[in-house]
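Asker: Model the full structure from these sequences, guided by the hints.
Number of protein chains: 4
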Amino acid sequence: MMIVMKETATDEQIEAVAAKVERAGASAHRSRGARVTVIGAIGDVDQDIAIGSLGLEGQPGVDRVVPILKPYKLASSQFRHGERTVLQIGGEKVGGGHFALIAGPCTVESREQVIATAEVVKEAGASMLRGGAYKPRTSPYAFQGLGLEGLRLLAEAKERTGLPIVTELMDARDLEPVLEVADVIQVGARNMQNFPLLAEIGRSGRPVLLKRGLSATLEELLMAAEYVLKEGNPNVMLCERGIRTFESSYRTTLDLQAVPVLKELSHLPVVVDPSHAAGRRSLVAPMSLAAAAAGADGIIVEVHPNPDEALCDGPQALLASEFAAYADAVHRAAQLSGQTMSVGSL
Amino acid sequence: MMIVMKETATDEQIEAVAAKVERAGASAHRSRGARVTVIGAIGDVDQDIAIGSLGLEGQPGVDRVVPILKPYKLASSQFRHGERTVLQIGGEKVGGGHFALIAGPCTVESREQVIATAEVVKEAGASMLRGGAYKPRTSPYAFQGLGLEGLRLLAEAKERTGLPIVTELMDARDLEPVLEVADVIQVGARNMQNFPLLAEIGRSGRPVLLKRGLSATLEELLMAAEYVLKEGNPNVMLCERGIRTFESSYRTTLDLQAVPVLKELSHLPVVVDPSHAAGRRSLVAPMSLAAAAAGADGIIVEVHPNPDEALCDGPQALLASEFAAYADAVHRAAQLSGQTMSVGSL
Amino acid sequence: MMIVMKETATDEQIEAVAAKVERAGASAHRSRGARVTVIGAIGDVDQDIAIGSLGLEGQPGVDRVVPILKPYKLASSQFRHGERTVLQIGGEKVGGGHFALIAGPCTVESREQVIATAEVVKEAGASMLRGGAYKPRTSPYAFQGLGLEGLRLLAEAKERTGLPIVTELMDARDLEPVLEVADVIQVGARNMQNFPLLAEIGRSGRPVLLKRGLSATLEELLMAAEYVLKEGNPNVMLCERGIRTFESSYRTTLDLQAVPVLKELSHLPVVVDPSHAAGRRSLVAPMSLAAAAAGADGIIVEVHPNPDEALCDGPQALLASEFAAYADAVHRAAQLSGQTMSVGSL
Amino acid sequence: MMIVMKETATDEQIEAVAAKVERAGASAHRSRGARVTVIGAIGDVDQDIAIGSLGLEGQPGVDRVVPILKPYKLASSQFRHGERTVLQIGGEKVGGGHFALIAGPCTVESREQVIATAEVVKEAGASMLRGGAYKPRTSPYAFQGLGLEGLRLLAEAKERTGLPIVTELMDARDLEPVLEVADVIQVGARNMQNFPLLAEIGRSGRPVLLKRGLSATLEELLMAAEYVLKEGNPNVMLCERGIRTFESSYRTTLDLQAVPVLKELSHLPVVVDPSHAAGRRSLVAPMSLAAAAAGADGIIVEVHPNPDEALCDGPQALLASEFAAYADAVHRAAQLSGQTMSVGSL
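Protein chains in written order, with this note's numbering: chain R, 1 to 346; chain Z, 1001 to 1346; chain C, 2001 to 2346; chain D, 3001 to 3346.
Keep in mind that the hints were calculated from the coordinates and are not lab data. Since the model is a prediction, treat every value here as computed from it, not as a measurement. Backbone N, C-alpha and C fix where the C-beta goes; we use that ideal spot for every residue, glycine too. The reader is advised that the hints may include incorrect statements.
[Unchecked claim] Below 25 Å or equal to it, Euclidean Cα-Cα: the simulated SDA-like pairs (lysine to any residue) are:
| id | chain 1 | residue 1 | chain 2 | residue 2 |
| --- | --- | --- | --- | --- |
| 1 | R | Lys6 | C | His2081 |
| 2 | D | Lys3020 | C | Glu2309 |
| 3 | R | Lys6 | C | Ile2049 |
| 4 | Z | Lys1006 | D | Lys3073 |
| 5 | R | Lys6 | Z | Leu1311 |
| 6 | D | Lys3073 | R | Phe246 |
| 7 | D | Lys3006 | Z | Glu1220 |
| 8 | D | Lys3020 | C | Ser2321 |
| 9 | R | Lys230 | Z | Leu1148 |
| 10 | C | Lys2073 | R | Phe246 |
| 11 | Z | Lys1020 | D | Lys3073 |
| 12 | D | Lys3006 | Z | Gly1096 |
[To be verified] Label-pair distances were calculated between CB atoms; the ranges are:
| id | chain 1 | residue 1 | chain 2 | residue 2 | range |
| --- | --- | --- | --- | --- | --- |
| 13 | Z | His1331 | C | Ala2325 | 16 to 24 Å |
| 14 | D | Asn3306 | R | Gln335 | 31 to 39 Å |
| 15 | C | Leu2179 | D | Asn3306 | 43 to 51 Å |
| 16 | R | Gly91 | D | Ser3321 | 39 to 47 Å |
| 17 | R | Asp46 | Z | Ala1155 | 32 to 40 Å |
[Stated by the list, open to error] Some chain Z residues near chain R, calculated using beta-carbon distances under 10 Å:
| id | residue |
| --- | --- |
| 18 | Tyr1134 |
| 19 | Gln1144 |
| 20 | Phe1195 |
Answerer: As structure tokens, this is what we get:
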């Protein structure tokens, strides 16, 4: 932490702050400039947390408190000394050069829908099957998912195709049945800071696909991952799925800069969801290519055999009939990224 | 719903959309303009929900779908024909001209802290006592609240002062012990769209203080309220507590326009939390006066006998020693608002 | 400046950065923590600017560069040692306890409109008359203002009522005719960072009402003011007029926290424009009371004798017939603020 | 326009609105639903502008006014019946399948810097040379560009390499000297809504690179283009350069969805500036590949022979020594995009 004092701070105020820092176990370096004094306490993350909790912002004479260290430890690149996490899911690897294409319907609607989609995406080379049984909906009047029946249908699709399953958990009380089916538990954007849920999933040990909240910073996303990691579960994938901006001609704004930056900040794999970001089909292919070219470790995308009949988010689903061509293009873009990583690095 | 077709839409595309609307039970009025055709289906909210779930945005020839009706019913002003909801909490009323001053520490830290604060705010005329036993924290390494012990201390403060208690619930699995103490259950900003939690609280029937999410629109806040109301619990207070903006010299931006607008859109009382919005003490008094002058039905504010020693959010806590002067000024601002409501109304 | 090095920075990289800082004339204090090294160079603003222009963010081993001092000098509270600027406009004072009510039509439309409005607002105790002759419009097809003819009508209104005139300048090439009429030159939100325009107005010496850009931070607003002040013109009023947020049920979000914070950061008077922020009449009165209660030094508000016939922004104009009641309430709210300023200050 | 009436609107209010619409020359279709009435007036853009200027939002009984048509005409895809604009700049084409790589220093600093960079980028296959002589800077104390001397150096670089020149105009009073050198006039993000400047450039007829404002919507960008087009200048390139979001670990957020969406909405070429968006070199290559893969018609990127010595924005400049490898990768990504455009289109 660096504590920047006000120009008008008195010596007494400076010493009172320094004393508080030292009582928290850190050493307080005073740097007196021409106009202001800065008190530095550059220790480790735990010391930063201790000092951060002192509420120094409210002390007389303090202008602001500037954190120096990142507030996450287990999620940071430094924690693994620059080595990247590679997840093993079913027989598939994700991260560290292994690209995952996760595809399937937004929501499980019926036996034939989920089986048909699973077979199409399997055939086209997808690595996993996605599909929601529990759906967070803005409106209490909207379709909320098939629940247990949806999980059962996913299990059947997994049995037939061998594809690992990615499905969302919204309520810690549903953890058990979800664990019976899910190879990866998805945490939706609205639950990114549902801390009891994160901790529970952390304790389960099951791989997690953690979606960035609609207005979350990357630091907040990494702190959410930290809640999972702290419980002893190292199997976290980060997912960029679009952030809220002022632009109203698409649902959210896909933030692809998050891809290279998360890979700088963290060892965890980074996956992109272009379907929810864009909200309509015509944007999914260009943004998927862009995501792969930007270096994403995977893409999670919605596919439907008959999107016009989908109960949820049909307009953004790729047509099953076009999926093979799409998958091929995405894989070529991912290769392009792999070949050019060295330009611009320091 | 109004479905705006593209300029290039063919007659077949227009008829296909109209047919889908009609199969959903609505009548489809086609308005052909010089450049585009608009298909209108202006029924009631249920019909809008049915049409909204058709995914028409993805149909060939559709430019966009414009909702006409608000998506909430029970929370809308129309639902109570313009009459305002007045909550009864302990002996206190909130809403419909009754102003509530809810005060107390951010977090319950110790017996003497919570009792001392309770006595100060009671003395100064506060209507309820606030205090957190379960605290949502961005960092898993930060103090997470005293939990059950915190609830016990709140019960003791209630017994001594008679003040009704407002405290947060973060996890549906903690509902029972919270119900034993809380006169009002607070739902924090990060949980505004934790739909299973909202429904559970709805079923409990207990009054709710529902905080607006950091980047939530008013419509999303009202839809979150609708999740509670739909379960048969009419006792909801809406709370503006600051939204995220680009400004970095305060924690969040208090959106006081939300006060008159929520009161136009809904019959529910509107409370303002200036402490969390501002993040520092010097802004709390001016923003409290502003909130009261803007017509808020109440203010929820943090007070601490010794903010420098607070475990959480000390810098934003009012000093207990200044609370009586503060409370007096806020009440005068609330009166000012009451006297001038008629200017500018249509 | 504090330069935070990466955890992986080598000694050579640290020394290279320190050397660059020293070549820029500052002394570089190295603070080595358990994980990172921070290089501090805490001088004055000019030194900060020199170091800021070194582009150290791009140097090998640098994590980020954290400014310590505010980047503005003339606009800062410290520049006047805590004394507040009081503007003299016509016989009116603004700032330092003097509250200004600036009222008039959005746009000058006709002789009778501007004269009638001027007389109403004069009668009700307004301090100045506002009215636009040049209008920035998002659409090239919208009414762009009466230009020179509008200025002429403002001159006539001024002659008849004695009210000082506030009017907008959009193009430096129109400075001369505007100077003939304007007692205060308004710089609109879209031109807040039109630097040649700011410098030209600075050279003119005429008082300025500088509106905050729709997505500008307070620091950017103060830097824009600095462009005017730097040219030797000390007569700047800052104006909060609403910022863009995700909320769509009003035009922009009035950020009233900006009022006390700008008054902490700067000696310049702070004025609020509730009309443009809200975009509709029913919000103008509550937000005006809130602004005055929050401590604003003035309000600039739109009034029209017949808003339904206004060529621009009629829906947000107060009715001339209600203006006297409005002005009275606003003045009472301003008094309330004055009486309670001491609560919460350190 | 569709005018949505309130649920409580009376028949008189409905008829008063309809009458106003009809007096503006449109026909008013009344659609009475179960809860609300909607008045539709679906004509052409001019009629929409006329109705939009009536201020109906403020009329008694009106809930809101929903535009149906886009407010731009000349910039819309429909205006050219789906045909794309191809600009001819020097011997180079941009748009309609022709990809432009525009490269050069942020700011012209010296003869050797601009000549050396021009030669490197020419050699690597760039289509145009960029470089700023007039620089908009947030701080009045920062380097503001070499002005006329900078223009002279750009002219020399053009003479030596044959590359067309892209340079910024900030002040309409500098138009003449800029026209002597610039093949393309750049309008910076801060000037996107400097309407007098846009109109002046429109009258000049010179090709324009129009940057999206930091918080501008795509509709506002297209309206700004409309100001240029309306003056008879059809040579406009749109440029995405990053928008402001809450993320603080990069300067702005590059919005690549804008690429396919602007190409849907408009016939104008779309160029991406990854350098200013990211603010640091390590992000420029991945985001350039992503932009090209998303279908951009060009990229404008900063290159410097010695970024550590740059006077402005050095940290984001590509190294001249790496530019050839970069250019090659970008061209391959652009090809990839061209091959896959058909997936996902309706």
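Asker: Next, verify each hint and record whether it holds.
Answerer: Comparing the hints with the structure gives:
1. R/Lys6 x C/His2081: holds (13 Å)
2. D/Lys3020 x C/Glu2309: This hinted pair holds, its Cα atoms lying about 11 Å apart.
3. R/Lys6 x C/Ile2049: The hint holds at about 19 Å.
4. Z/Lys1006 x D/Lys3073: Judged against 25 Å, a Cα distance of about 14 Å means the pair holds.
5. R/Lys6 x Z/Leu1311: Measuring from Cα to Cα gives roughly 24 Å; hence the hint holds.
6. D/Lys3073 x R/Phe246: Holds - the C-alpha atoms of R/Phe246 and D/Lys3073 are around 22 Å apart, at most 25 Å.
7. D/Lys3006 x Z/Glu1220: It holds: about 20 Å lies between the C-alpha atoms, which stays within 25 Å.
8. D/Lys3020 x C/Ser2321: holds (23 Å)
9. R/Lys230 x Z/Leu1148: holds (23 Å)
10. C/Lys2073 x R/Phe246: Given pair C/Lys2073, R/Phe246 is violated - Cα atoms ~33 Å apart, limit 25 Å.
11. Z/Lys1020 x D/Lys3073: Violated - the C-alpha atoms of D/Lys3073 and Z/Lys1020 are around 31 Å apart, more than 25 Å.
12. D/Lys3006 x Z/Gly1096: holds (22 Å)
13. Z/His1331 x C/Ala2325: 16 to 24 Å: holds (23 Å)
14. D/Asn3306 x R/Gln335: 31 to 39 Å: holds (33 Å)
15. C/Leu2179 x D/Asn3306: 43 to 51 Å: holds (46 Å)
16. R/Gly91 x D/Ser3321: 39 to 47 Å: holds (43 Å)
17. R/Asp46 x Z/Ala1155: 32 to 40 Å: holds (34 Å)
18. Tyr1134: Interface hint status for Z/Tyr1134: holds (9 Å vs cutoff 10 Å).
19. Gln1144: holds (8 Å)
20. Phe1195: holds (6 Å)
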